[in-house]
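With these hints in hand, go ahead and build the complete structure from the sequences.
Protein chains in written order, with UniProt numbering: chain A, 1 to 390; chain B, 1 to 390; chain C, 1 to 390; chain D, 1 to 390.
Bear in mind the hints are in silico, worked out from the structure with no lab data behind them. Keep in mind that the hints are not guaranteed to be accurate.
Using 20 Å as the maximum straight-line C-alpha spacing, the simulated EDC-like pairs for lysine to aspartate or glutamate come out as follows [unchecked claim]:
| id | chain 1 | residue 1 | chain 2 | residue 2 |
| --- | --- | --- | --- | --- |
| 1 | C | K101 | D | D319 |
| 2 | D | K344 | D | E279 |
| 3 | D | K137 | D | D85 |
| 4 | A | K101 | B | D229 |
| 5 | B | K101 | A | E224 |
| 6 | B | K137 | B | D180 |
| 7 | A | K101 | B | D315 |
| 8 | C | K137 | C | D268 |
| 9 | B | K344 | B | D295 |
| 10 | D | K101 | C | D229 |
| 11 | D | K344 | D | D319 |
| 12 | A | K344 | A | E301 |
| 13 | C | K137 | C | D85 |
| 14 | D | K101 | D | D112 |
| 15 | D | K101 | D | E124 |
| 16 | B | K344 | B | D299 |
| 17 | C | K344 | C | D299 |
| 18 | C | K101 | D | E224 |
| 19 | C | K344 | C | D318 |
| 20 | D | K101 | C | E224 |
| 21 | A | K344 | A | D327 |
| 22 | C | K101 | C | D85 |
| 23 | A | K137 | A | D51 |
| 24 | B | K101 | A | D229 |
Number of protein chains: 4
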Amino acid sequence: MTYAFRPHVPELTMASGPCSIYPQVLSAMGTRMVHHRTDDFVALMRSVSDDLSMLFRTVGRVLPVEGESILGLEMAAYNLVEPGDVCINLASGYYGAGYAKVLRGYGGTVVDVAVPYDTSVSIEQVRAALDAHPEAKVLAFVHSETPSASENPMEEICRECHSRGVLTIVDSVSGVGGSDVRFDEWGVDVCVTGPQKCLGSTPGMSLVAVSDRAWERACRVIAETGRYDRSYLCLLPWRSWVECDYVPYTPPISSIYGLKAALDIVADEGLDNVIARHETAARATRAGIRAMGLDLWVDDESHMANSVTAVRVPDGIDDTMLRGLMDERYGLHISGGLGEEAGKLIRIGHMGYTASRQKVLTALSVLGSALMELGYPVDMTGGLQAASAA
Amino acid sequence: MTYAFRPHVPELTMASGPCSIYPQVLSAMGTRMVHHRTDDFVALMRSVSDDLSMLFRTVGRVLPVEGESILGLEMAAYNLVEPGDVCINLASGYYGAGYAKVLRGYGGTVVDVAVPYDTSVSIEQVRAALDAHPEAKVLAFVHSETPSASENPMEEICRECHSRGVLTIVDSVSGVGGSDVRFDEWGVDVCVTGPQKCLGSTPGMSLVAVSDRAWERACRVIAETGRYDRSYLCLLPWRSWVECDYVPYTPPISSIYGLKAALDIVADEGLDNVIARHETAARATRAGIRAMGLDLWVDDESHMANSVTAVRVPDGIDDTMLRGLMDERYGLHISGGLGEEAGKLIRIGHMGYTASRQKVLTALSVLGSALMELGYPVDMTGGLQAASAA
Amino acid sequence: MTYAFRPHVPELTMASGPCSIYPQVLSAMGTRMVHHRTDDFVALMRSVSDDLSMLFRTVGRVLPVEGESILGLEMAAYNLVEPGDVCINLASGYYGAGYAKVLRGYGGTVVDVAVPYDTSVSIEQVRAALDAHPEAKVLAFVHSETPSASENPMEEICRECHSRGVLTIVDSVSGVGGSDVRFDEWGVDVCVTGPQKCLGSTPGMSLVAVSDRAWERACRVIAETGRYDRSYLCLLPWRSWVECDYVPYTPPISSIYGLKAALDIVADEGLDNVIARHETAARATRAGIRAMGLDLWVDDESHMANSVTAVRVPDGIDDTMLRGLMDERYGLHISGGLGEEAGKLIRIGHMGYTASRQKVLTALSVLGSALMELGYPVDMTGGLQAASAA
Amino acid sequence: MTYAFRPHVPELTMASGPCSIYPQVLSAMGTRMVHHRTDDFVALMRSVSDDLSMLFRTVGRVLPVEGESILGLEMAAYNLVEPGDVCINLASGYYGAGYAKVLRGYGGTVVDVAVPYDTSVSIEQVRAALDAHPEAKVLAFVHSETPSASENPMEEICRECHSRGVLTIVDSVSGVGGSDVRFDEWGVDVCVTGPQKCLGSTPGMSLVAVSDRAWERACRVIAETGRYDRSYLCLLPWRSWVECDYVPYTPPISSIYGLKAALDIVADEGLDNVIARHETAARATRAGIRAMGLDLWVDDESHMANSVTAVRVPDGIDDTMLRGLMDERYGLHISGGLGEEAGKLIRIGHMGYTASRQKVLTALSVLGSALMELGYPVDMTGGLQAASAA
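Set out below in structure tokens:
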């Protein structure tokens with residue numbers, strides 16, 4: 001008898017992602033290996049592909065890229081942005097602002113549309129930027145900003161850009177599966193999500209939807225810039241997947257198993273129902289937080305994300321102490337703020353497996369109990385009543 | 001009661017990789033999520049790091065990059081090769097030959113040292129190339145060529161290059177863990193392996209060892225070429241991992257669990273013993289194949305890999321029919337040949353979990369039985385006796 | 001790709017047992033088979049045995065009997081009770097009262113000491129019964145009565161019986177591991193527990209501790225009554241286990257794996273700490289329930305169990321509707337009342353994995369939210385504050 | 001990071017049972033707990049019940065009893081045998097002979113029909129015994145004797161007994177699922193199997209089929225003998241299961257999950273195909289063993305079991321050394337002989353998951369290699385050719 005490592009894992013993780021994931025996904029991850037060039041694996045990949053198209057609501061093929069979501073986002077720039085291209089970048093949060101670097105990394109001339117991180121960009125601001133920069137080739141933004149728990153109006157932005165012939169690059173890593181995304185209908189061009197947020201699977205992949213316009217641009221950009229056309233960042237090797245089911249690299253087989261289990265949950269429950277469940281969890285969390293007497297970070301309910309909620313740290317409370325108490329005494333791990341928001345907010349993730357009424361009540365009651373222990377009064381009767389009524 | 005997908009998986013996979021993996025790894029993959037910015041996960045990563053240094057026999061930190069091994073290999077070129085650099089590339093197999101494209105993709109002037117794919121490059125050939133190209137900056141080669149089951153003399157090549165100040169880029173995806181690799185002692189500069197071969201875990205990561213010289217070169221190359229310094233392909237973001245345990249992206253948490261379980265097996269059994277087990281499996285397979293009356297693909301025993309064995313398809317036998325019979329009647333999946341070798345050879349993987357005497361006997365007896373069914377006589381008594389004596 | 005069944009499982013079960021169990025136990029259940037007559041399995045059983053002795057605080061060997069706990073309890077009667085033996089039976093609950101049938105089934109003349117099911121038997125009542133029946137051979141009782149969430153004073157009862165030479169049969173199925181049990185020190189004779197309550201493993205075994213006096217009595221009873229001495233109910237075949245590690249039947253190997261994982265948790269955390277965790281969970285639940293404005297079922301805090309709490313169903317509330325709402329809307333399954341208590345009480349299990357502060361807050365907030373939805377006011381601020389302060 | 005126990009488990013177990021089991025079963029065992037009194041669990045049990053009826057080919061309900069198979073066999077005697085009843089017991093092996101003790105334990109007057117342990121009982125011998133004892137109430141026998149790998153002609157025996165009004169008690173622990181059993185058509189009365197043999201699940205249950213005649217007899221026997229009618233051994237509490245889906249005890253939930261997965265495999269593959277697979281594995285093993293130059297233990301092919309094959313230990317070979325070598329060098333665990341057969345035979349199990357052509361080749365080649373290493377010549381070419389042609 002020997003011993004196997006067992007990492008310490010909190011009872012429950014409701015952080016900005018990854019959160020605790022579906023037990024069915026955990027179970028699927030333990031499925032034995034099959035070689036990726038067998039008919040059996042190809043059949044599995046086809047099935048995953050159908051599910052992904054359903055998820056993005058596209059007739060096209062989504063690329064199951066192996067690597068963290070940031071890879072998929074960089075691929076967008078590698079393939080769509082030529083030196084000198086004017087790129088409008090909506091900087092409504094930590095990740096959105098950061099994407100300017102990627103665009104510049106590939107030669108883009110970036111026009112930042114910046115708003116404070118506690119709100120989202122309005123369609124009017126987008127129109128103004130497009131009007132001011134009719135030469136813009138690309139507009140990039142983050143659909144759901146997990147660092148500040150805000151959400152940009154994806155449908156309006158994408159429809160506007162599409163009508164003007166501007167390509168959109170959308171980081172919807174924590175959006176797809178939790179908020180409505182209609183890739184074809186809205187005319188999106190590149191949209192990236194990950195399995196580890198609203199899908200409730202494990203991190204390690206970029207799921208990349210690509211429009212026909214984006215494919216065309218990619219061919220031209222790669223040819224004109226002379227960028228390496230077999231690069232891991234290049235879209236072109238993925239034509240074999242789109243055209244004849246051939247994944248150009250050894251796929252992450254166990255992650256595919258987990259992803260398939262997660263997509264099966266979506267298919268069984270129905271995508272609309274899964275999104276509604278995320279909306280309910282978000283609404284319940286917000287109602288509970290407010291009724292407890294706490295403040296939400298984002299300025300307006302219509303700007304808030306479905307997958308995560310940011311709460312202002314109450315006056316007199318140290319967020320590290322608060323989260324430490326929640327962790328150690330109650331086994332619940334949530335996130336703090338990033339960058340400038342560090343210390344100012346805490347974030348509760350309700351995505352995938354944790355997008356449930358039970359988990360929301362758990363988070364609210366643990367947060368409330370910890371605050372009361374630290375001497376900060378909250379109204380839990382009101383909080384739970386509001387959450388359950390939401 | 002609903003139903004969960006269950007992919008069809010062969011009883012046993014002894015292909016060119018991935019093969020069937022350790023049950024302990026499968027079990028570890030089902031461990032619940034922990035957020036990657038917790039102390040617990042950081043402690044796990046530190047432990048993985050120590051194990052990886054032990055595996056590569058280096059005091060430096062190995063990078064646990066998220067993405068297929070080809071990503072790690074492209075990173076080597078992105079960071080070490082400037083336009084115009086003379087790069088010697090040893091083309092002793094399908095992957096080795098293919099790496100010339102990557103080097104050229106980053107502006108390298110490639111000098112190919114080509115040998116037939118059924119042998120390996122000799123140290124004399126390497127010396128001759130180095131002599132002929134004293135201006136060479138980089139020499140790249142594949143340590144263990146799974147497509148043809150050959151192995152290049154990594155120690156001699158790396159020592160030679162090191163003494164001449166030429167940086168080495170070594171693809172040891174199917175080498176590390178199955179053959180001896182002494183990163184520091186031999187003066188290797190970049191060495192890439194994957195968890196899905198001799199470690200017996202799942203595909204999805206590049207494990208990249210980087211020498212101090214390579215780090216220095218990377219800083220200079222990125223600065224001089226103006227390549228995007230936050231790219232997923234750039235080494236520089238990984239300084240935070242080397243210096244302060246900070247993985248620059250969300251790591252593939254489940255894959256890390258699987259990798260840790262695989263590394264625990266190495267630590268428990270002892271790296272030398274694990275390598276010896278691979279050598280035994282390879283030797284037994286070769287002895288068995290020969291005594292059965294079949295021919296090995298590679299010209300000389302000293303050029304053969306420890307992780308996979310290539311067997312010439314006997315005259316009059318169709319390799320697709322043979323492998324199909326092994327698959328369907330006996331539940332054993334092995335590989336055929338790639339590219340020009342398609343139809344000429346079959347490949348038996350004995351790596352990680354399948355590097356065992358039992359699995360070798362299973363492979364030999366299934367192969368022998370299938371051949372006999374197809375009317376091709378083999379000497380199984382001799383074959384098994386030779387294999388067990390090896 | 002085929003599909004495997006997947007039973008619908010609530011997000012969380014905090015019923016009277018089984019409750020949701022430790023993830024480590026679930027993982028261990030998937031360990032591959034080993035034949036039970038191998039040295040490896042015998043070593044595992046020895047280790048389990050040491051852990052069980054630690055758990056019961058006995059130097060003797062605990063029997064890992066295969067079959068539900070009721071089997072272990074019937075074994076006690078089969079081996080210790082002869083026709084005509086006077087047996088005092090403490091009927092302080094559903095299971096306690098029911099045991100009279102077992103004693104009579106083996107010829108016992110039963111003296112019932114009955115108390116209402118919302119309290120426990122006092123040591124004075126026990127002494128009076130023993131005084132009134134000096135000829136009594138056996139006294140049987142339930143330590144922790146899950147149907148009514150009460151607990152009898154095991155230490156005092158066992159010490160008293162021991163001093164008078166009366167053998168004790170103790171049903172501690174939901175006691176051991178959650179409340180202190182000192183088998184040797186208190187002079188207990190037969191004590192039965194199961195893996196599916198405070199140990200947090202799966203149902204299917206009786207763990208039976210047997211004193212030397214009980215072993216002696218068993219030998220005599222079997223000989224004198226002529227009961228079949230190789231029966232599955234007979235203790236005698238288990239001498240081979242006690243004396244030479246030989247389990248007399250094929251053991252339930254997977255259940256043993258699960259049990260070992262559960263016992264490892266106890267060993268890692270420390271038995272005293274595990275019991276303290278159960279006490280805390282029970283105390284917090286009770287404090288929360290009271291402060292919410294609800295009533296506990298059992299008459300006095302000192303009579304309440306550590307593993308489960310019974311709450312009176314508030315006036316005007318239908319318990320089926322209440323529990324249905326908790327199940328369907330909040331994914332939390334708890335128990336109702338049994339027999340005469342049906343409709344009068346609901347029961348919240350906090351045992352093994354669910355004996356945690358987080359799970360208690362979850363149960364309280366789900367219960368409170370459901371009651372508020374049904375129009376019944378509760379004080380959640382007070383409830384959670386009291387629970388967290390407990 | 002802490003460490004979890006990991007028992008040492010052989011690469012492959014092909015013993016007399018349990019053997020290595022289906023991966024799907026291992027996976028199912030890790031499913032989370034559901035309380036057994038929920039609608040969800042009741043639905044699962046109904047589904048298991050339908051599958052079990054299909055397995056035994058009966059319209060009646062099979063009892064999923066919790067406890068090793070010997071418990072189910074003792075239940076048969078407890079409920080069907082009154083003191084003084086003449087019971088014919090076919091003693092064709094270790095277990096068959098041993099059952100006389102059980103029958104006597106419940107007062108039966110046993111008539112043993114004994115044959116050597118390397119053959120089976122003929123229908124003529126059964127008829128002669130029935131003719132000689134027209135007063136016999138019960139006839140008991142073992143369908144498949146794993147200790148000697150023989151099989152009695154169940155159909156003929158049961159039909160003969162049924163036509164004479166003699167109740168049959170059949171131990172088919174290693175028969176059902178691997179050999180044809182038609183409970184209703186053949187007029188069997190009690191038939192017991194276990195999940196850990198041909199079903200490829202884990203040990204811990206008795207699956208007991210009971211005819212209407214047996215139910216009637218049980219009612220009368222319990223009433224007339226005054227045996228405890230709520231005993232764990234009594235059939236009567238199981239009426240609630242037969243009549244209204246109510247399992248009388250807490251069922252072994254995880255084992256039920258495993259059993260369901262195993263039954264799903266039977267349903268997917270088809271019971272006839274599963275039996276044919278066992279027949280093929282047995283035939284291939286026997287053909288291989290003979291062609292290798294070794295001797296089978298049982299006198300005639302028609303008397304041999306489908307689930308296990310017994311091989312005479314060759315002259316000059318020590319069976320402990322042989323099996324030790326197979327274990328340590330090749331990771332394959334098989335069984336030796338029991339009782340008088342110890343040292344004389346080795347037994348290879350091919351049941352459930354191990355009833356496959358691949359596993360048979362593995363067993364033959366490991367056995368052959370080990371024998372050759374010990375200096376005993378075998379013809380592996382002939383052996384494997386015969387096995388694959390069988």
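Evaluated hints:
1. K101(C) to D319(D): Violated, at about 52 Å.
2. K344(D) to E279(D): Roughly 25 Å separates the two Cα atoms, so the pair is violated.
3. K137(D) to D85(D): 6 Å, holds
4. K101(A) to D229(B): 10 Å, holds
5. K101(B) to E224(A): 18 Å, holds
6. K137(B) to D180(B): 25 Å, violated
7. K101(A) to D315(B): Not OK: K101(A) and D315(B) at ~59 Å, beyond 20 Å, violated.
8. K137(C) to D268(C): 39 Å, violated
9. K344(B) to D295(B): 11 Å, holds
10. K101(D) to D229(C): 10 Å, holds
11. K344(D) to D319(D): OK: K344(D) and D319(D) at ~8 Å, within 20 Å.
12. K344(A) to E301(A): 19 Å, holds
13. K137(C) to D85(C): 6 Å, holds
14. K101(D) to D112(D): This hinted pair holds, its Cα atoms lying about 11 Å apart.
15. K101(D) to E124(D): 25 Å, violated
16. K344(B) to D299(B): 14 Å, holds
17. K344(C) to D299(C): Within the cut-off at roughly 14 Å; holds.
18. K101(C) to E224(D): With Cα atoms ~18 Å apart, K101(C) and E224(D) stay inside 20 Å; holds.
19. K344(C) to D318(C): Roughly 9 Å separates the two Cα atoms, so the pair holds.
20. K101(D) to E224(C): 18 Å, holds
21. K344(A) to D327(A): Roughly 18 Å between the alpha carbons, so the hint for K344(A) and D327(A) holds.
22. K101(C) to D85(C): 14 Å, holds
23. K137(A) to D51(A): The hint is violated at about 31 Å.
24. K101(B) to D229(A): Given pair K101(B), D229(A) holds - Cα atoms ~10 Å apart, limit 20 Å.
Checked against the numbered hints listed earlier, the structure breaks hints 1, 2, 6, 7, 8, 15, 23; every other hint is satisfied.
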